[in-house]
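Number of protein chains: 2
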Amino acid sequence: MKIALAQINQTVGDFQKNAEKICSYIDCAKSQNADLVVFPELAVTGYPPKDFLDIPAFIDENLKALNEITRHVTGISAIVGFVDRNERRHGKLVHNAAAFIQGQKIISVHHKSLLPTYDVFDECRYFEPAYIISPVKFMDYTLGISICEDIWNDEEFWPRPLYETDPIENLISHGANVIINVSSSPFAVEKQDKIRLRMLIHDAMKYKVPFIYVNQVGGNDDLVFDGNSLVINAQGKLIAQAAAFEEDLMVVDMENPAVQIQPRAYSPIETIHMALIAGLRDYVTKCGFKEVVIGLSGGIDSAVTAALAVESLGRKNVIGVLMPSQFSSQGSIDDAVTLSQNLGITYKIIPINDAFETYRKTLQTEFKGTSFGIAEENLQARIRSNILMSLSNKYRYLVLTTGNKSELAVGYCTLYGDMSGGLALISDVPKTMVYELARHINRKKEIIPQNSIIKPPSAELRPNQFDQDSLPPYDVLDSILKAYVEDVRGIDEIIRMGFEEKIVREIIRKVNRNEYKRRQAAPGIKVTSKAFGSGRRMPIAHNFMCS
Amino acid sequence: MKIALAQINQTVGDFQKNAEKICSYIDCAKSQNADLVVFPELAVTGYPPKDFLDIPAFIDENLKALNEITRHVTGISAIVGFVDRNERRHGKLVHNAAAFIQGQKIISVHHKSLLPTYDVFDECRYFEPAYIISPVKFMDYTLGISICEDIWNDEEFWPRPLYETDPIENLISHGANVIINVSSSPFAVEKQDKIRLRMLIHDAMKYKVPFIYVNQVGGNDDLVFDGNSLVINAQGKLIAQAAAFEEDLMVVDMENPAVQIQPRAYSPIETIHMALIAGLRDYVTKCGFKEVVIGLSGGIDSAVTAALAVESLGRKNVIGVLMPSQFSSQGSIDDAVTLSQNLGITYKIIPINDAFETYRKTLQTEFKGTSFGIAEENLQARIRSNILMSLSNKYRYLVLTTGNKSELAVGYCTLYGDMSGGLALISDVPKTMVYELARHINRKKEIIPQNSIIKPPSAELRPNQFDQDSLPPYDVLDSILKAYVEDVRGIDEIIRMGFEEKIVREIIRKVNRNEYKRRQAAPGIKVTSKAFGSGRRMPIAHNFMCS
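Residue numbers (the working numbering), protein chains in the order written: chain A, 1 to 547; chain B, 1 to 547.
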């Protein structure tokens, strides 16, 4: 059996293009003499379709597209992810499904058993789980067709399985001698190496059957799918691995398999770098934009954002805007200019002093007797936002927000100010990791001016302001944030890790109090195990650990 | 058996205050000789606690609070909603639970069976369903203790039940002769009269047992719980109904019940009015604010928002700000002044012309050769946002956004402009309903100037601009929006309702294309069956019905 893993990048709800792409991959697999071509989870609709799944017309169009694809399947067999109707008289209206197609006919339909409903996943919201699981005969094999989460519940691999049943065990006990898994498994740093690959090797060795793992690739809103589709043989050896963060068609002969290969060794920062570039490219193009505009402060966050944008979209599609105020240092302006020149992007200088002074006059009566404070600081950030949004409205640029995860966590950012934009590219990248990214971007030559990396970070919204006036050092902050936000540890536990109680309480209080800002934040690209956004849903009005 | 229905308003995560309130209601029920006092779903934590449920410290504090409450239960019995640990070795870590407490001891714990995971509900994200359901003896009764959704699956009442099992049927078959339901059931217009009451009457008649329904009251973020706790006797007659949108302790003697009563007859607009007032009050106070600031344009949306705010918070806590530009008509300014005077609120006039002209100069080079357009229009809205946010930052006012649901649906609003604020009070109120609200507010005397109600709506961002230049008449728009957003009907179906195809397609395209704005919108108060926000989750990057 020659099996083709079709690792494709779909757009949610673009049924025509999605079907065309699937058909063209079918053709391509045929031309390489594959017997079977396998597409990712929900390949027809794109993943995640979210509440479009509630719209009957969306389900209809997906079925129409599947029919069109089915008619295209001749001289090869195909497994295609789609949304199936639930024909029973109770339960959710649809199943997350995979069709096994042969000779222009759907031979069998396989429903997902385990429906992830945690973090960014909402599958119980939409799907009814499988009622029946059964393998299907193909050539000399009995294929166990499973969908994403179905392989994520092995009770030997996981210390505490989330579900009572294990569909893989079930498929094997019904005679499956190859497990095929169609996935849309989003990227998080180290997930591929430390979890997915290890788990698949474990499972292949446990059951002594090959595992064919086909993952989606590309970005959809906050999620980036890393591809990295795999074939593990019955001895638990990795024998094929598709591209990371790129479409790929990988054909593997199961009778004459390649020898064992080493998994591609990317460092964590390399994978984050690739994820951000892929996520940005797809967000911009799938939203119908071409160019992005970025406010350049001379600081490291905007520099990293701009450098990533240039790698992702090309320098011609990136516009930098310097918006100095009376509090901007000449050094910062110089750094932003140098960066723009290093990147070869167009940059504009639009000072905000006049607008700021006009507002101060406009508000003179209201602000009488008060001193320069947070209102005046935020105003500067908001003027900059207005300028960027004006350019966006005038020229259809997408504004990229430049804030990092550490700021967003503690609310060290201005709502409707520096938080404004269509995509907050590095909003899941903690500040310490922003520095790592900067060094990685500079690995061959200096793109981000060294000065932006080494100078003490400052918002430059009043004289002599530095981040560390109001925040602990970023390595401390980021360690506490990781413990609280990503690892969900309690205050006591974090204190026992060696941090000062007062600092820990203050940080957690800030995180809990600033949910209102994050609720109105632009979407970001998830790169860690727990990003703010759709995967972390917190009340705004509450009183938990706020004092 | 004298049973007390304790319809209380909790704050999420405020364990000390929540426990104190529960204890004080226990005392109060005792003083009225109640044998049993029943509290709403998750009374200990507040509902919905969302992802705080993932934090072990949150679960611990909830159990500590339950212990404290348990020690307080003497001379009466109590049923108290809390979060219980799941002791099994698989599945979600917690159960949505109710403790039956007697003599300072937890006699039994009852877990929720049916976990709503649709619209605003995410319960499969957190909770493991009940493994066992069993009733409990109390005095001469066998109590069937159920939690919210558990009563919402009767296969005779619902055309298509969502779940395979019916816990009420199960409890009855195990001997329950009273059904107690502890709920946190959010308000939506007509839900109480048209669904909840009818369903409870149906169920009581079907099983010939009384139903005791205890609902939470008050606002938590976008959700308002309407209370309206009920007792239905075994003949299916309503014999007691607690207050709407207010805390209440209602004691009912099940042996000497009151005669049948009529349900309180509120009109839909009256209930929406109450919901908005309650929701605003709780959002402001639970977020720790006191005063709100509102931009007054002279139009109907800001007038209704201000009038509701005055009813909710008192006129001293509402500040109006008029921000006229060169495009503001004298009529609009006059209307806003009259409104402020009618409401007796402080109002300020802060013209935006200077700021607008300064921006135009600042952007002169960039905008050279372009004509006045959407960028210039949005800029005005954003200047107003900057002014309101500056006042908010300076004086700790919460900014109320004034946009309605129709605008938000089609994107007829400015991101970081009129969309800015802590709460978008009427963002789930369609424009036609805003008019109804205005007339309702004016029912006794003219509060909202008649002129604001009758003049053609205009954003006044350029000369002679009217909403109807770019949108169909609001009655048409709202009907199409209701069909698409609330009733999830397809294009063909909506066209068959009698609307022009071109208009239907254009509206749906706008709704689908403007998700990016709504993603960054302030939370609103849900009053319809489907609000934008946490109950409607759509992709931003997609291509479904966008052309």
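Don't take each hint at face value.
Intra- or inter-copy, both count: the list cannot distinguish identical chains.
Unchecked claim - Straight-line alpha carbon distances no greater than 27 Å define the calculated DSSO-like cross-link-like pairs of lysine-lysine that follow:
#, residue 1, residue 2
1, Lys-530, Lys-482
2, Lys-368, Lys-316
3, Lys-530, Lys-517
4, Lys-394, Lys-510
5, Lys-510, Lys-64
6, Lys-206, Lys-530
7, Lys-444, Lys-502
8, Lys-17, Lys-502
9, Lys-517, Lys-17
10, Lys-30, Lys-517
11, Lys-290, Lys-510
12, Lys-237, Lys-348
13, Lys-361, Lys-482
Since the hints were derived computationally from the structure, they do not count as laboratory data.
Tell me, in ascending order, the numbers of any earlier hints that this structure violates.
6, 7, 10, 12 and 13
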